[in-house]
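Asker: What follows is the residue order along each chain.
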Amino acid sequence: MTERTRKIKARLRDRFFRTKWLVVLIVAAVILFFGRATDIRSLNQSALVIGMGIDLSEEGFDVSTLSVVVSGGGGSETSRSYAVHTATGATISECLDEISQKMGLIVSLSHCNVLVLSPETFSVRHGDIFDPLISVYSLPEQAVVTATEEEPSDVLGAKTATTDASAFLMQSALLQNLGGDGLAPVSVKDFMAHSLSRSGCVNIPLIELKDPARPPETEQGPENGVKELVMERNLVVHGGECFVLEKELAQATTMLVRKKVYGRISVILDTGEAAEFRVLDASPETKASGMSVHASLNCTVSLLEVQGGDGERVSPTSDVVSRAAKKAEEELAERLALCHEISLREGADLLHLQEAVYRVTGYTLPEDCLDDIAFSCSVKVSVKEEG
Amino acid sequence: MKTDISTSVSADILPAASAHLGGTAGRNTVYDSQAACLVFCCGIVFKISSLPGLVASEMLSGTLWLYLFMIAVDVLMFAAVSSYASTGADALFSSRSPVLFRAFSALSSAWLLLKGVIYFCYTVVFLMVDLFVAVPPYVVVLALAAPVLYLGCKGVVSIARCAELFTPVLLLVFVANLALLDADMDAGRNLPLEAMPPEEFFKRGFLFGMWLGDMLPLAFSSIKRKKFPYLVVGTGVSYVLVAVVALIAVAMYGAALPYVYNMVIRLSGFNKLSLEIGRMEWAAIFIVIVMAMLSLSLHMWGAAEGSRRAFGSPLPARVMFAAGMIAVPLALPSAHVLTEFSVTEFGYAATGISLLLALVCGAEGIRARRAHKRKATPPQEDGGEET
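These protein sequence lines are chains A and B, in that order. According to this note's numbering, the first sequence is numbered sequentially starting from 1. According to this note's numbering, the second sequence is numbered sequentially starting from 1.
I should point out that these hints are in silico values taken from the structure, not numbers from a laboratory. Please read these numbers as outputs of a predicted model, since none were measured by experiment. Mixed in with the good hints there might be a few duds.
[Unchecked claim] In silico PhoX-like pairs for lysine-lysine, Cα to Cα no more than 20 Å straight-line: (1) A:LYS7 <-> B:LYS154; (2) A:LYS247 <-> A:LYS327; (3) A:LYS210 <-> A:LYS247; (4) A:LYS9 <-> B:LYS154; (5) A:LYS210 <-> A:LYS159; (6) A:LYS380 <-> A:LYS287.
Could you put together the complete structure from these sequences and hints?
Answerer: Following this line, the structure appears as C-alpha cells:
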C-alpha cells in the first residue's frame, strides 16, 4: 500500500467518523421516517374507533365498532359522524378486517376507550381477547372494560339525550364516577391483573339500556329513540363464568377490593330520618392470618343532606348524623357478609380472599380453597366537614 | 474533536502486552463519569424493557425478588469488570499468561457476539411489535444495524460520549414517566416472597443468566477515575431504577405481567398527560431505541476488542457481528425463535459463562491491584522481585 493510498484511506475514515451528529441523525431518521411518528394516515382514510363491542355466538365473535368518521368539507369545514358497524367471524381480527372492508376505512383502535362485552364473551380465555387487541391493534390498556346483557352493538349505537356517541357517555360516567354509587372503572390492564390473580375474579360495571320516562324535548318536539344508559350493577367474572351483583352489594365489594371508589351512601334511620353521604375516600385493609381473613374498611364521607330531622341545623357532629354514620357502618358490614355468602355460593372469590391468604402463606396454599377461608369484617364511617 | 486522555494505566503497559492489545489501551480510555453513563445507557436497557414479562412468566410473584438477587449479582460482576478495567489488569494479564489471556479474550468475544445478536433480535421484535407498522423486517434490521455498526466500529470513547450526551435526556424522560405515572397499582402483588420452593426459585431464576454481565465489554477499556465517585453513583442510580421498574411492573400488572412485551413502553402509556396531549408511548420508544443502540454498539465493540486480543485483529468479530445482526433476524422464520431460545437451558450456560468471565476479571483485577501496590512500595533490602 503506497503512502498516498494510506493517506486517502485515513482521510476517508476520519471523515466517516468525524461527526457524532451523524449518529443522532440516524437515530432521528429511524424514529421519524419508519416509525408511527410519520405513519399517520389521513383522517379521511381512518375509522377512529372510540368504542368496541364483542359478543360470542354459535357463529363465532360478533364484533361491533363505534367509530368517528371524519370527512373533509369545503374550505376549513370538516364534518364528523358516528357509525356502528358489526361483523361476525371466527376471530376478533377477522371481524375487524371485515369492518374495515365494509367501511372502506382502516380501523384504528388507538383511540378506543370503552369495551362493551357480553357475558358469553368471558367464556373465552381472557388473554386471547385482549392480547391481540393491545399488541396488534394498539388498544390502549387504559380502555374501560364494561359488560352488558343487551347486544353490545345496541349499547354502542344507543343515542342518548346528551351525546350521539354512547362511548363518550360511558367513558365520562365511569372515569368521572358519575355512574352508579361506588362503581369503579376497570381498565383492560386491571381486568387482566385481577382475572389472572390467585382469586381469578373481577367485577366490572354492567350497562343497561332503558327508555327515559319522558323523551327529551327539542325545538322540533320530543326526540324519540333516545335511551338512558344505567350503570348501577356489577358483572362478576370468574374464570369463564359470570353473575350479576346488585347495586348495594356491588358498591360494598368495590369499596373493599378497589381503592379509588367514590359515590354516595344513603341511609334511612329507624326513626324515619334519611341521610345522604358522599364517599370521599375508602381505605380497605385486608389482613390474613392462616386461613382466616379480616377485612377492615375505613370510609371517609361528607354529609350531603338530612331529611326528616327535628328542624335544627345539621352538622357532622349532630346526633342524627352520628346515628346515620353508625347505621351506614352496620349496613356496609352486613353487605360485605352477604357478599361473602354469595362468594361461597357461586364459588367466585369476589372479595379476593384467596389472594390475601396467598400473599401470607405462599406456594403451600392449595388451589380453590375459598371454602376453607374464614371471613370477618369491620367498617368505620367517619364524617368529615367537606362540601 | 479528539480528546486525548492519558492515564497512569496506559503508562504501565508492558512491552510484551502491547502486542496483544494492539496498541489500543490509550484509545480505549474513558472517564468514570462516562463509564457511569454507559452503565445507565447500556447496562440496564434489556433488564427493564423485555425482561420483566419474561421473568414474571416463570417467577410469578417472585419477580421482584429475583430482580433484587440478579441486581446484587450484576453489581458484583460489574465491580469485578471495573476493577479489571481501572487497574490495567488487561496488560498485566496478557504479559503474565498470554495463553490464558487469549482464551479469556476469545471467550469474551464469542460471548459478546452471541449476546449482541440475541439482544439485536430482541430489539427487532420490539420494534416490529411496538413501532414499525407494515414495514418489511429488512428495513427494520438495516435501519437499526447502521448506527450500531457505526458506533461499534468507532469505539468505546465515541459510545461513551454518546452515552454522556443522551444520559441527561434519557434520565429526565424516564424519571418524568415515573413521576407522571397514573395507574392502579398494588405493591402487595410482589408477595408472597415464597411463590415457590427455594430450589425451584434458583432453578428458574438462573434461566435468565443472559441478562447478567451486560457491562463486560468495559473490561477492554481503561477507566480513569475522577474525584467524585461517578461510577458508584451512576451504577447505584441505574440499578435502583431497575429495581423500581421491577417493583412497579408487578404492582401494576400482577399475574398479567407475562403479557407485557416491553415494560418501559407500557410505563409511559399510563401517563397523567395522556388525557391532555394523547398517547405518550413515543417518549419510551425514544428511550429504548437509543439505549438499545448504545448497548448493542458496546457489545459489538467489546466483541471486536476481544477478537483483537485473541487473534490480533478485530475484523473477524466485526464481520461476524455485522453478518449475525443482518442475517440472523432475516434468516430465521421469526426473531421470536432466538428470543425464546434465550430462556431455555441455554440460560444456565449463559449464567455460567457470565460468572466465569466476571470471576476472571475480578481475580485479575485483584492481582493487578496488588502488583501496583508492590510497585508503589519502595524495594526492600531482601530484594522482592516484581511480577
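Asker: Each hint needs a verdict: does it hold in this structure or not?
Answerer: Going through the hints against the structure:
With a CA separation close to 18 Å, the supplied pair LYS7 of chain A and LYS154 of chain B stays within the 20 Å bound. Between LYS247 of chain A and LYS327 of chain A the alpha-carbon distance is near 18 Å, which keeps this suggested pair within the 20 Å criterion. Among the hinted pairs, LYS210 of chain A with LYS247 of chain A is consistent with the structure: their alpha-carbon atoms are about 16 Å apart, no more than 20 Å. Pair hint LYS9 of chain A plus LYS154 of chain B holds up; C-alpha atoms about 15 Å apart against a cutoff of 20 Å.
Of the pairs offered as hints, the one joining LYS210 of chain A and LYS159 of chain A holds, with about 11 Å between alpha carbons and a cut-off of 20 Å not exceeded. The hinted pair formed by LYS380 of chain A and LYS287 of chain A meets the criterion: a straight-line CA distance of about 16 Å does not exceed 20 Å.
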